[in-house]
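Enquirer: Below, each chain spelled out in residue letters.
There are 4 protein chains.
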Amino acid sequence: MTIVLGGNQYGKAETRVVRVTRDGPAHELRDLNVSVALAGELDAVFLSGDNTPALPTDSQKNTVYAFAREHGIASPEEFALLLARHFVGSQEPITWARLDVEEYTWDRVAGHSFVRRGTEVRTARVTHSAGGTHVVSGLKDLVLLNSTGSEFWGFATDPYTTLQETRDRILATAVTAQWRHRSAESDWDASYPKIRDLLVQTFAGTHSLSLQQTLFTMGRRVLEEHEEIAEIRFAMPNKHHFVVDLEPFGLDNPNEVFFAADRPYGLIEGTVLRDDIPTAEEAW
Amino acid sequence: MTIVLGGNQYGKAETRVVRVTRDGPAHELRDLNVSVALAGELDAVFLSGDNTPALPTDSQKNTVYAFAREHGIASPEEFALLLARHFVGSQEPITWARLDVEEYTWDRVAGHSFVRRGTEVRTARVTHSAGGTHVVSGLKDLVLLNSTGSEFWGFATDPYTTLQETRDRILATAVTAQWRHRSAESDWDASYPKIRDLLVQTFAGTHSLSLQQTLFTMGRRVLEEHEEIAEIRFAMPNKHHFVVDLEPFGLDNPNEVFFAADRPYGLIEGTVLRDDIPTAEEAW
Amino acid sequence: MTIVLGGNQYGKAETRVVRVTRDGPAHELRDLNVSVALAGELDAVFLSGDNTPALPTDSQKNTVYAFAREHGIASPEEFALLLARHFVGSQEPITWARLDVEEYTWDRVAGHSFVRRGTEVRTARVTHSAGGTHVVSGLKDLVLLNSTGSEFWGFATDPYTTLQETRDRILATAVTAQWRHRSAESDWDASYPKIRDLLVQTFAGTHSLSLQQTLFTMGRRVLEEHEEIAEIRFAMPNKHHFVVDLEPFGLDNPNEVFFAADRPYGLIEGTVLRDDIPTAEEAW
Amino acid sequence: MTIVLGGNQYGKAETRVVRVTRDGPAHELRDLNVSVALAGELDAVFLSGDNTPALPTDSQKNTVYAFAREHGIASPEEFALLLARHFVGSQEPITWARLDVEEYTWDRVAGHSFVRRGTEVRTARVTHSAGGTHVVSGLKDLVLLNSTGSEFWGFATDPYTTLQETRDRILATAVTAQWRHRSAESDWDASYPKIRDLLVQTFAGTHSLSLQQTLFTMGRRVLEEHEEIAEIRFAMPNKHHFVVDLEPFGLDNPNEVFFAADRPYGLIEGTVLRDDIPTAEEAW
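Going line by line, the protein sequences match chains A, B, C and D. Be aware that the first sequence starts at 41, since it is given in the numbering used here, and climbs by one per residue. Be aware that the second sequence starts at 41, since it is given in the numbering used here, and climbs by one per residue. Be aware that the third sequence starts at 41, since it is given in the numbering used here, and climbs by one per residue. Be aware that the fourth sequence starts at 41, since it is given in the numbering used here, and climbs by one per residue.
Hint data in this document are derived by calculation from the structure and do not stem from the laboratory. Honestly, I wouldn't trust all of these hints.
Partial chain C-side listing against chain B, Cβ under 10 Å, derived [said to hold, decoys possible]:
1) Thr97
2) Asp198
3) Leu249
Covered stretches of chain C (chain D as the covering partner; in silico rule of three or more C-beta atoms under 8 Å from a C-beta of chain D) [what the hints assert, rightly or not]:
4) 54-62
5) 146-152
6) 314-324
Note that the Cβ used here is the ideal one computed from N, Cα and C, for glycine as well.
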């Protein structure tokens, strides 16, 4: 038996870069958090502290800033592709790169003035190696709530079940969604707002019998409308809103007053995909 | 010398209540975090564990929910006033109440569907005692950025100063503002969005020589436009965006690529008020 | 009526400095988060953007690092005193300084190796002006729990009270305590661990009829044992541990299984002081 | 082409349970955060909102509490095994369960009094299906620092490299480690403190040429000493401590004053395993 090094990666996480484009009458702003992960022929670094093959994570950070200047930030996906290809293409020992980008969105107030919008964050993950390139776009912390149009009944029961069935409840969640593109070329900035809005509209428009059903419907709609998307994955917490029992105070509560709970929460995770497109675990 | 009890208060903090109004064709939603603090003749509770004068914090929580049902939530301020007066009015030992309310705002997607808006939170603080009632409205985490129109030069220097003067920098902040009303009666929901927008527009429209100057201008504009406001207080972190030095890579950086720093940050705090209205420390 | 500038202050917040002393066979480590707030003749900065009197917050940050080198960090209090006196003493317009320091503690593993201890943070606040100098030491996030020896009964009730009396409950809290010293000269590092331990031991040793009573007893003990302390202030959340109702599953629950709740929570705040020492609001 | 449901799971996340054992002269305390994820024949729930096969997450929460009473909490691993086997064994559609447990540790102050220890959290992950049972123990947020004995030089460079080589730097990290046991039967509470201490001692005792080398050494030592462990995985951020340049102030800085940075940070991830034991991706 020998003790050996298994899978490994390294990189600079959470480089915060804000890129202002000052060409036109109004400035453009892109505000990103960029994380780099690299892998390849790096065993010596781990086994003996021989750093010869290791480009410092500090250089990776510098590259993020320099590329923002040289190439601009067309979109999170484009910028991630550029960086991923650069690291694999320019560093001989590096055979694989994964770039994770978060984008914080701002609404324009005036030409050069902006206000941070929303709690939601746009995300992009690019993986690149000789084996292929994958682009996964997404969002997180998109908080949605339906104040009616949600039921939950007919579920399995066991000796530990006390939950009552309901034909009308609040359904609330904070959507994390990630959609894998068929191709590494697309109009990323065009598709993002469409998919984001489709998720919101489908959540709103679906009479829900379970959060699972809502999740699947959201995914199905995205795939129906977006041929360029191969697969979409969701993590959706059930942000419980409990009807407060006001009977002790002589009051009824016809679904009007709720306690918004923090923990615990239900957590529903699911993938929606096409049966004729191969999966690609290496993209995630 | 005797060891004695000084100032004290107690209450239930962070009761999360969501109130749905289901009367009309579209639901209305108010989503609050309510904190109660009470004071009065409570020394026995501290000195000997005699709980006779202490209404449990659990009862305070119940009251929040019951009042949401009985009275609805007209606005954070109105709801806070109702609760503050109730506790002082109904509990003999309680002579002072302070209610702090945070409101999370939602945008309507459809009749019964909502999406959480913004990072910003609306706030209200009500203090009530025989000595008077004060209402302080406000907001926090309103994140603003000007990509130009901000200078910083002519400052004091000392042997520890290395900062370069600049005629063009990014100015970014997360505004916390609290404005004290002259009266405990007002149309709170009408004034809030006006003041919020005035803060945003003034930040955007002010050519800044210092964040302090921007702060004062924001406050002055609110007092000019809103006769009903006696005083406004700000805490505004200077969310530094540093121009990245790209010279080592043969690149210039004409204010286009920035590092958005987390810590440390400048912190500017200031009050803007009218010289003919008495201050009211007890309101804060 | 004129609109005027009221109270204001500015400074650099959250400068993170780690100071290693390498003199002896084993290194010494102090790990601080330093926040500076300054006030004085700074109206011009706010009113007209004339920065002449304003030492940049960047210079303040530099001073923190330079002083750590020049003077070392004898203790959070000593370091804060040094900085407060420096800013008031060297910058003509600055007449008041407040230094807030957090210290993160590390346990030594070996001569030059350390492991972060505890969730608790040591704190110090120094205020300095021509009017006087105040030192307030403290801690926060000291999380304590008694699994028995805590009662809560005999409390006031109202129509919204449903809480049951209990003769045996879990009592848990996260102590924030701040104690004001009589003098600006003391052996800060000697008194801190003694007071910290006295707080822990008193919490553990007090049969509690209310969290208020425990709070007062903790404060009283500190003042009894520490002549050098003028006053101590507490904020202690009641971190509720609810006995889970297991009857639906045919199980009893003799105070063995608890749900540790996040929100809402009771919040008890109180001051314990000596009746022969003047209060000093300006210290806080 | 058909749009289909792919991988999915659901469950109750973050059920907070505190278990007090009151048998002996001193109470025993276990403080857990339990997350359940279940999978199986659940397609109907997603596809049509037919909840027949879905045991509510509320029932899962109840089971956590009831089992804490009925069976006690021998260890995070034992409790997770019990629950995983229960859900798969009792719910016909459920064929797979994953239990994630965090344990918060407390130090005893006196018989029934405790103080929260450390920032670090003990973790356990159990996966169970007809295909097998896996136990992964671990910890996170174990914050370690060496104030010397760390070098970094001889690394790869590219046009974006500005980092200087160093023969003496601070090395600091927050260890996340997870070790997979060969067997689902072990003395979990005996091995945990041994492995935790071995990680701390190895970090302290390793003269480091790179954080990667330290990581591998830590893993190797655990496998050498613990025959029962098949594999260990690490995620170790490089918590950068930068030597502050004090030259502008006429001061040297012989590795004594550091800026502790938040973001960005290096992130090193790696696996150490035995070459004669099959990997088990399904355990993670």
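Enquirer: So is the stretch 54-62 of chain C in contact with chain D by the C-beta rule, three or more residues under 8 Å, or is the coverage claim wrong?
Expert: holds (count 7)
Enquirer: According to a criterion of three or more residues whose C-beta lies within less than 8 Å of a C-beta of chain D, is the stretch 314-324 of chain C covered?
Expert: violated (count 0)
Enquirer: The hint names C:Thr97 as touching chain B; please verify it with the least Cβ-Cβ distance against 10 Å.
Expert: holds, 4 Å
Enquirer: Please count how many residues of the stretch 146-152 of chain C have a CB within 8 Å of a CB from chain D and say whether that reaches 3.
Expert: holds (count 4)
Enquirer: So, C:Leu249 near chain B? Judge it on the closest CB pair being under 10 Å.
Expert: holds, 3 Å
Enquirer: Hint check: is the beta carbon of C:Asp198 less than 10 Å from a beta carbon of chain B?
Expert: holds, 6 Å
In terms of the numbered hints stated before, the structure departs from hint 6 and from no other.
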